[in-house]
Structure formats: structure tokens, C-alpha cells
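Please build the complex by placing chain B on the supplied structure of chain A, with the hints as guidance.
Note that the protein sequences, when read in sequence, are chains A and B.
Heads up, the first sequence is in the numbering used here, so the first residue is 32 and it goes up one at a time.
Heads up, the second sequence is in the numbering used here, so the first residue is -10 and it goes up one at a time.
If you are wondering where the hints come from, they were derived from the structure by calculation, not from laboratory data.
All C-beta atoms in this analysis are idealised placements derived from N, C-alpha and C, irrespective of residue type, glycine included.
Be careful, since some hints might not be right.
Reference excerpt, derived from the structure (chain A facing chain B, CB under 7 angstroms, subset only) [claimed, not checked]: (1) PHE69; (2) ASN70; (3) ALA77; (4) GLY79; (5) ALA80; (6) ARG100; (7) GLY160.
Residue strings, one per chain:
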Amino acid sequence: MQPKSPPNPGRRKFLISATSAVGAVGVAGAVVPFISAFNPSAAAEAAGAPAVADIGKLAPGEMIIVEWRGTPIYVVKHSDESIQEIDKNLERLADPNSETEVQPDYAKNKYRSRKPGISVLSAVCTHLGCAPKYYPQLGVVDFDSEWQGGFFCPCHGSKFDLAGRVYAGVPAPDNLAVPPHYFKSDDILVIGEDGDVA
Amino acid sequence: MVTKLMNWFDDRLPLTATIERHLTKYPAPINMNIWYLAGVLLVVVLVIQLASGIWLLMNYEPTAEGAFASIQYIMRDVKYGYIIRYMHTTGASAFFALIFLHMFRGMMYGSYQKPRELLWVLGWITYFLLCALGFTGYVLPWGQMSFWAAQVIMSLFGSIPYIGEDLLTWIRGDYLISGITLNRLFAFHVVLLPLALIAVVFVHILALHEVGSNNPDGVDVKKFKDADGVPLDTKPFFPYDVMHDLYAIGVFLIFFVAIMFFYPDGGGYVIEYVNYEAADNLKTPEHIVPSWYYTPYYAMLRAVTFPLFGLTAKFLGFVVMAAGIAIFVALPWLDRSPVKSIKYKGIYSKFFLALFVVSFLVLGYLGAVPSTPARTIAAQIFTVCYFAYFLLMPIYSKYETCKPVPDRVQLG
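Just chain A, same shape as in the assembly (with noise of 0.2 angstroms):
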């Protein structure tokens, strides 16, 4: 038997339409948990957060280990004549200008950091992911005989200087990443966030 056409059909489908409309609405409510509960978690959250360090006490030519996210990120006070010597060795470098986005904008610069004389680095070897070791020492090294100063990696020898720039003809193709950071006043450090990008 067919239906009986509605006595009114406007009221019949405005019904029909404000229902669908209210249902819709319930539905998309409905999927927020389910869309949220993809998101890390709170306790992801926790351990994701960015990383604090005081830089107060390092010495010129010193370094600090802060872990980040599960990863060493190496913190580098050059000395005076190590800043100076920056530009010394920029045909041994295989990306001097840091043309490869392994660093936030306000990285991209000489000294590949957000303050001049402070290195913030990811102690990851873009190899195949060792922790480079700080050799801060000029001159003769076991692996280099005009060494300047920066990063070896004793895993498959690939050399990066003092602002982590990698050297051409090793197995590393990229300098290390710099990771987000800002400095909250002179002496504090925090890993992980971008602060107010200037």
C-alpha cells in the first residue's frame, strides 16, 4: 500500500530537514572525542614538553647535555676564538649556508644559533642517527690533522664544526638540526618551543 500523500508536505519537510539538521549536529558532536582521542595524550603531553636548562654556569669552550623528547640535545657556549674562526674552513663544509631546513628560520644564519656563541644542536648524526662527540680542540686530532673545532661522529667518521655544519665527503648529508628554542632571559633555556619568533 503506498503512503498517503501529507496533508501538509511544506510542514512535512521542514520537519524532516530541522530533524536532519539536529541530528547532524548530535553526529558531529559525537565525533569529537573520537577525533580528539587521536591527540597525544596527556601524558605524551608531559613527556613531549619542552626542555628547561640553565646556562648560567657553562664556561666558553663548554657543553651540556639536555634530553629532549627522548633525544640528547647538545647546548655549546663557544669560546671568543672559535667564534672568530667561523668562516675559516667554509670550503670543507658541504652546506655552509645552511640551505637545508634542518633548522627554524631564526637558525639560518653563520653561526647557525638564535643568540651568537650559543649552539643549540640535536645530537643526532642525520647519518644514521649516533651522537656525534664534542671535540672542541684545534689543530691535530686522530681523525683530522687541521682540525677546527666541532663534532665527530665515531660511528662511520662523519666530521661537523662547532655550529654543526657537516663536511663535505662524509657519509652525513645533512648539518644537524637545530630544534625549536628561545631563550627565556639571558641565562634561561628552553628547548622545544619557538617562544615569540623575532
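What follows is chain B alone, placed relative to chain A:
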């Protein structure tokens, strides 16, 4: 007694009608050949995967801390656990080998053409689901290759302009691949994707039985019927096809168990050796290579080495790779040929189909070996050839001379 029982059921469920429609009275073309076995074998593998998967689940632990150890536990301590796991890994490879043959059959005989467009689209969805199942399942053992495959594939989403980084965090549920990521992939692999696969396969078979099987001649077998309305060039699916399918299943299982028992890691292609090491987020494997069934697409991903239109090479590679999988769905609307089967199509269709097969195989090889500049150029050329088969089809299938198609199927 049996009749009475059947009547009891028939009053409550369309039992006899269903058996007749799908088995005893389903008209299968008499000229179906060996290529038509892949479909039934896929159903067999689906059953193998479900059974072995459920049994693996009984001993697997979906946590970053416990996953790798639980796989070792299955391999060493669970009675016959290693057989069940090898059954599942061999089944995964068999699934892909068979679906490639099944799809190629459809491309050869024009099985996607009207009225089988929807059937083809449903089959394409099962292929997509299979790719997702393969990827999610591969991560679960939480070995080195599991971890880094997840890292590489998921980071592709991070290359999407503007939303990439946030989307990536949303997909991972963390700022790096972690136990949280493992748990959600686990939920997909054991619940969501298998449910979807079973549902789509069911509808695929329903659609097949609605439009009827195609055949190597690509002729409509329903055109000529006998006095009872049964198409002349067909035979009932049961018992005729079922019987020879059983024989084929037997032969297939001989090869299947031979791999399962004697070559379970398939020379490093079915189970990669790197995956015998537990996941380590600080140590990237020397050479990341996907399972053999993804290598053609991996080669496409790596073939895009240049940015274009302001988009990064990585993102474009992702787009090309996704397009390589997605483009099959457009096939029914790309083919303008009046003829279904390659037997009667013109020389261009034959050439491009052959070019497609060669491209697929070469890309499969290139995706499995480390890239060199020469190999990258080869991958670029064959990626273009792969897409040429699809994108030029509206032209070459329209302007070629086809052979006359017979009215009835040709035997011998």
C-alpha cells in the same frame, strides 16, 4: 528428514534460494582459464589470515615494551607458534601476489568495463585495505624495520603543506613513533581493517554474482540462452567450478606450505632480517626497504627528487606514490574501447599493457635495492611509463583498430 529440515529453514531464511543463486545455479562461463583461480585463492588466503591472525592475537602483546618479546615468545615457547606466525607472514605475501594476478586478469580481459565498474571499484577498495593491513601488521612486531617503516611512511603525512606537522602528531598520537602509535595501529590491524575487508569482499562477491563473471573473450554469455533461460556458454558453479577449484587450491597449498616450512623469510623479502632486531629510535637501519609488495610504490616515492610548483620533493613523491595506488579505480572510465578482452583489442592496448607490466616489475626491483643516480633516472622513466598506461588510455583505446569480437565464447 533433510527435506523437512530445509523446509523449516526456508520458511525462516532464504537458504535454498541463496545456495541456488550463488552455487548450484550460478552460471560460470565455460571458457574461464587459469587466471580465474586467483579470486578463489584470495578467499582461501583470507580464511588463512583470519585464523592465523586470531591465534597470534592470543599471545601477542601490543605494547612498546612487550611486543618484540611476545613475538619471540610465540616463535620459541608457544607450541607450534612459529608455524602460526609463518602462516600469517606467508599469507600476507600470498595475498599480494594473488591480488596482483587477479587485478592483472581484470586488466587483460576488460573485467572493469560496463557493467562491472562497481565490481572493479569494490575490488580496488579491498586492494587499498590490504595495503593498509600490510603496513599496520608490519609495524606490530616492533622490530627495527617495523619502527623505521612506520617512521618513513608516517613522516610522509608530515610533508603535506601547512597541516603536515599537526596531522603527523595527530596520527602518531605522540611527538615521535611510540607505544601510543603502536597501539592504534594494532587496533586498526586486528579490528577495523579486517572488519572492513570482510564486508567489502562480501559485497564484491554479491556484485559479481549480480553482473556475472566476465571471461577471456569478454563476450556477454547471457546473450544466448537455452529453453530454461540458462545461458548456453555457462556451467553451474557448483559442482563444476568448485571441483576444479579444489584441485587448484591443493596445488596452491603445496607451494604455500613449502614457503611456510622451508623459506619462511623468503630470502629477506617476506621477513626482513633487520626486523630480528628490536626497535631502536636512535639507530636507523643502513638500508630501509619495504616488503616486496610495496617496492614498486617505494620506487615511485624515491623517483621524485625535485620540488615543483613550490611543493617539496618529499610531498610530491607521496602524491605520486598514492596516485600509483589510486589510479586503478579510474580504469573503467579511462578505457574507451568498444572491446573488452585484450585478445580483440588493438596493438596499442597490447603494447601499453605490456609496458605497464614491465614498469611494475622494474619499479618493484628498483624499490628493493639502494638508490644510485642511474637507478633514480630509471625509476623516473618507468614511473612515467606506469602512468602512461592509464593516462593515455582514453586516447589509444579509442583510436585503434580492434579485431571483430565473436558472438559466443571461443574454446581452444
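### Message
Check the structure against each numbered hint from earlier and tell me which ones fail, lowest number first.
### Response
3, 5
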